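Here the protein sequences line up with chains A and B, keeping their order.
All letters in the first sequence, in the order written, are residues 1 to 450 by the working numbering.
All letters in the second sequence, in the order written, are residues 1 to 450 by the working numbering.
Worth flagging that the hints you see were computed from the coordinates, not collected in a lab.
Watch out, some of these pointers could steer you wrong.
Repeated chains share a single entry, so a pair holds when one copy, or any two copies, can fit it.
Lysine to any residue pairs mimicking SDA-like chemistry, simulated, CA-CA at most 20 Å apart [unchecked claim]:
#1 K22 <-> Y118
#2 K117 <-> S281
#3 K372 <-> K414
#4 K174 <-> F237
#5 K378 <-> E135
#6 K414 <-> Y118
#7 K347 <-> N239
#8 K347 <-> Q182
#9 K421 <-> Q182
#10 K347 <-> H183
#11 K246 <-> R177
#12 K66 <-> L267
#13 K390 <-> F237
#14 K174 <-> S281
#15 K413 <-> E135
#16 K246 <-> A105
#17 K66 <-> A21
#18 K128 <-> K414
#19 K128 <-> S433
#20 K174 <-> I185
#21 K174 <-> P279
#22 K174 <-> R33
#23 K174 <-> S282
#24 K174 <-> L280
Quantities reported herein were computed from a predicted structural model and do not represent experimental measurements.
2 protein chains.
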Amino acid sequence: MKSATIVGAGLVGSLWSVYLAKAGYKVNIVEMRSDLREADISAGKSINLAFSERGWTAFKTVGIEKEIEDIALPMYGRTMHDLAGNLTYQPYGQEGQAIYSVSRAEINCRMMDVAEKYGDATIHFNEKCIGADLENGIVYCQNTQTGKRSEFKSDVVFAADGAFSAVRYRAMQKLDRFQYSQHYIEDGYREILLPANEDGSYKLSKTSLHIWPRGRFMLIALPNEDGSFTCTLFMPFENHEYAFDKLKSKAHVEDFFKKIFPDFYELMPEIGTVWESHPLSSLAIVRCYPWAHGKTVLMGDAAHATVPFYGQGMNSGFEDCSVLWILMQQYDEDWPAVFEQYQRMRKPEGNAVQDLSLDNYYVMRDYVADPKFLLQKKFERRIQQLYPEKYIPLYSQVSFTNTPYSVAYENGKKQDVLIKKIMTEYDIEALFSEDKIDRLIHDLLEKEVL
Amino acid sequence: MKSATIVGAGLVGSLWSVYLAKAGYKVNIVEMRSDLREADISAGKSINLAFSERGWTAFKTVGIEKEIEDIALPMYGRTMHDLAGNLTYQPYGQEGQAIYSVSRAEINCRMMDVAEKYGDATIHFNEKCIGADLENGIVYCQNTQTGKRSEFKSDVVFAADGAFSAVRYRAMQKLDRFQYSQHYIEDGYREILLPANEDGSYKLSKTSLHIWPRGRFMLIALPNEDGSFTCTLFMPFENHEYAFDKLKSKAHVEDFFKKIFPDFYELMPEIGTVWESHPLSSLAIVRCYPWAHGKTVLMGDAAHATVPFYGQGMNSGFEDCSVLWILMQQYDEDWPAVFEQYQRMRKPEGNAVQDLSLDNYYVMRDYVADPKFLLQKKFERRIQQLYPEKYIPLYSQVSFTNTPYSVAYENGKKQDVLIKKIMTEYDIEALFSEDKIDRLIHDLLEKEVL
Chain A
1 MKSATIVGAG
11 LVGSLWSVYL
21 AKAGYKVNIV
31 EMRSDLREAD
41 ISAGKSINLA
51 FSERGWTAFK
61 TVGIEKEIED
71 IALPMYGRTM
81 HDLAGNLTYQ
91 PYGQEGQAIY
101 SVSRAEINCR
111 MMDVAEKYGD
121 ATIHFNEKCI
131 GADLENGIVY
141 CQNTQTGKRS
151 EFKSDVVFAA
161 DGAFSAVRYR
171 AMQKLDRFQY
181 SQHYIEDGYR
191 EILLPANEDG
201 SYKLSKTSLH
211 IWPRGRFMLI
221 ALPNEDGSFT
231 CTLFMPFENH
241 EYAFDKLKSK
251 AHVEDFFKKI
261 FPDFYELMPE
271 IGTVWESHPL
281 SSLAIVRCYP
291 WAHGKTVLMG
301 DAAHATVPFY
311 GQGMNSGFED
321 CSVLWILMQQ
331 YDEDWPAVFE
341 QYQRMRKPEG
351 NAVQDLSLDN
361 YYVMRDYVAD
371 PKFLLQKKFE
381 RRIQQLYPEK
391 YIPLYSQVSF
401 TNTPYSVAYE
411 NGKKQDVLIK
421 KIMTEYDIEA
431 LFSEDKIDRL
441 IHDLLEKEVL
Chain B
1 MKSATIVGAG
11 LVGSLWSVYL
21 AKAGYKVNIV
31 EMRSDLREAD
41 ISAGKSINLA
51 FSERGWTAFK
61 TVGIEKEIED
71 IALPMYGRTM
81 HDLAGNLTYQ
91 PYGQEGQAIY
101 SVSRAEINCR
111 MMDVAEKYGD
121 ATIHFNEKCI
131 GADLENGIVY
141 CQNTQTGKRS
151 EFKSDVVFAA
161 DGAFSAVRYR
171 AMQKLDRFQY
181 SQHYIEDGYR
191 EILLPANEDG
201 SYKLSKTSLH
211 IWPRGRFMLI
221 ALPNEDGSFT
231 CTLFMPFENH
241 EYAFDKLKSK
251 AHVEDFFKKI
261 FPDFYELMPE
271 IGTVWESHPL
281 SSLAIVRCYP
291 WAHGKTVLMG
301 DAAHATVPFY
311 GQGMNSGFED
321 CSVLWILMQQ
331 YDEDWPAVFE
341 QYQRMRKPEG
351 NAVQDLSLDN
361 YYVMRDYVAD
371 PKFLLQKKFE
381 RRIQQLYPEK
391 YIPLYSQVSF
401 TNTPYSVAYE
411 NGKKQDVLIK
421 KIMTEYDIEA
431 LFSEDKIDRL
441 IHDLLEKEVL
């Protein structure tokens, strides 16, 4: 029987096992941690993820989308909170289009179930990868409980072991001419759990992703199933007026929230008390190449870890699965050919999702508070509403289609230049209020400006 | 007694031990390899290095420059060899200024002698660093002969263990927020030993660095003491008309040299036979930050490995020693303060020497064959000859002064713009032949253009 080893029972590794099972592989998954499903996970310990089109596509391909539908909460737009507590709403796309808030821990538990149920995978927990023979398809492990060492040898190895991939660090990085960089951005994040009301209801609209944009930093909130919100404060570690190193005491934290996020503070006056209970974490972009060597290949964060600002880290990892699936059929499981084609196709996509993620940080923390930016988005949405086949805004291309990230990124840059130019030539705001905007859009399309 | 551990008995580690001894430290050096001095080193196995002003400065500071004077061969300029075998000579600087060819193996042996003699250092050979406790100043080693593990604990630890530093890889890289990149250029190199004539004399002028510039690639030759030259072919690995992957057989190699380096081929018709005896090697730039953590600090290539095209890799490592020496006195051996200041001062210099090295590759393989470039250099040299205090060309700032690399680099960029502009306004070649160049330079200085 054909055999495969997957390193990492995270989101990508678990999903990929289902694909491999479908192709008739016996799959072993080695996972460094203990079984997440047996642990007590409080929502506040789980970072939230935004599931979007590429994720759904990867799930639908193997028919398991039903497995996560009930834990995915649709968010139809962004709700911005200004200093005075005023709200502005911006839909993400067209009517009915949404991205979906899921808890990382919850979706990971589901995915492990799915891996065992549909992937017929055996998950070996507490097995830490301590080395790999890339060419011969061997993963060396040591059990973190017993200290016992073991080897997993198979026809093919998939390293889906995350941003700090052991396979990459212990084997790939030692290859001659392996290009590698780990770049930490100067901002970190701290998570805060905003609890539900006593009756279990939500303290904020649960169909939005909430943002408190403050220029150089921001707070966001994503809904959980239980009425709570997982909130994240992204901010520089140091060297700025507002930075984590300035929030050293309960009083500092309280003053900061009262002044900077007054409406949030009202919802959560206990913020100063719970502040220290979640650690401050860093954010990195990891780039490397090649992604494959011998019988071993990197997937997901192990290949292209990104910062979380486009909500595409998980989705791009899932997309690795759909692409690899197509290629393994196209090349009839000739793995060297599959891997070569996979890394050539996916490396530019990994780069693009990283560039998009960094760009979107500036959008989220700053531009979404800018009336000009909001007007531009409104204008773009109107164009799309009228001529959905002719114009798809960048965010929609990334979140609601399977257009390659690199293509979307290039399209987006051209669109941005074009729309900004039109906005200097016409008073778009006035045209909206005079109800003449549709006429303009029609004319621009006729003249082939758009 | 104050104690220090140095990881790596290479050039920088050995030199630094002398400095530490001078300050009263008991020094242990752990070295992964066996004692180089007991091995039989043929000149052809030793890459050649160019020793220049910063190196001399670092040696003079501790009074050991005499120790290497007899193995350093002055090269006063570049001799370019064109396709027809014509030679062009370009002095590196003013009368008497030279860079010095030294064999890596030979200087390393001398430096180990120096470390033991003046540094009172104990060099522990065959001790491979397998980990480090950065904060507590502990280096964990395993003997490659006996397998025995040991620990070296000291007040302070200096990791001078090269581009693939074990301390950096095994400890620093695991630190949160450690910025790191290893970037391989698309070119590799292969060394060739051009033997002396039978009577021991040199086959080429021994007071030059020889270059066969060929646009996308180049061959260089540096003299050895015994009449031979260590030659290096730098070329793309693949994907180019001329690339290493195209030189697969003896016949390919011979045809290539006959056609591309005909005068070299005449001197060394056996090239096809010896080709395979030296391995093809890759070239990387390693950038990282921070350089220091707790009681441990990176020096030389471990902190800022570069490609060899400015001949400044070794010199910049030696300069790390002179700078660290000044700082340890300035801050009275308050090591946390010394380290902080050292990394802040030296990181921009490491970046600059890397940028300079990459830029100079284009200069060496291409521009030095361009009459316009040679005329520009001649013009700059003349300005310097007439007004040595007012104008120092970039190459001279880097190789014949201790001006910080970053300052030299910025100066160089400004100079280049200025000189190129003057050269579009005046026919410099004609002015040289009409003997009016000095007049022009004088006028330009009067008008404060220069």
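Query - Status of S433 relative to K128 across identical chains (alpha carbons, at most 20 Å) - result: For K128 and S433, neither the intra-copy (62 Å) nor the inter-copy (74 Å) Cα distance is at most 20 Å.
Query raised in the report: Quick one: K66 to A21, C-alpha cut-off 20 Å, is that within a copy, between copies, both, or neither?
Result: For K66 and A21, only the intra-copy Cα distance (18 Å) is at most 20 Å; the inter-copy one is 70 Å.
**Report entry** K174 and R33: within-copy, between-copy, both or neither at 20 Å Cα
**Finding:** between (25 Å within a copy, 18 Å between copies)
Report task. Have a look at K347 and H183 and pick one of within, between, both or neither, based on CA distance no larger than 20 Å. Result -> Intra 17 Å, inter 16 Å, cutoff 20 Å: intra and inter.
Query raised in the report: Taking 20 Å as the upper bound on the Cα-Cα distance, should K174 and P279 be classified as within, between, both, or neither?
Result: between (32 Å within a copy, 18 Å between copies)
Query raised in the report: How would you classify K413 and E135 at a CA-CA limit of 20 Å: within, between, both, or neither?
Result: neither (41 Å within a copy, 46 Å between copies)
Query raised in the report: Quick one: K246 to R177, C-alpha cut-off 20 Å, is that within a copy, between copies, both, or neither?
Result: Between copies, since 19 Å is at most 20 Å while 42 Å is not.
Query raised in the report: Checking K372 and K414: alpha-carbon separation at most 20 Å within a copy, between copies, both or neither?
Result: within (18 Å within a copy, 39 Å between copies)
Report task. With 20 Å as the alpha-carbon cut-off, assign the pair K378 and E135 to within, between, both or neither. Result -> For K378 and E135, neither the intra-copy (53 Å) nor the inter-copy (54 Å) Cα distance is at most 20 Å.
Report task. Check K390 against F237 for me: Cα-Cα at most 20 Å, and say if that holds within a copy, between copies, both or neither. Result -> Neither, since 43 Å and 45 Å both go past 20 Å.
Report task. State whether the alpha carbon distance between K347 and N239 is at most 20 Å within one copy, between copies, both, or neither. Result -> between (34 Å within a copy, 19 Å between copies)
Requested in this report: Can you give me the call for K246 and A105, within, between, both or neither, at a CA distance of at most 20 Å?
Outcome: neither (31 Å within a copy, 52 Å between copies)
Consistency with the previously given hints fails for numbers 2, 5, 6, 9, 12, 13, 15, 16, 18 and 19, ordered from lowest to highest.
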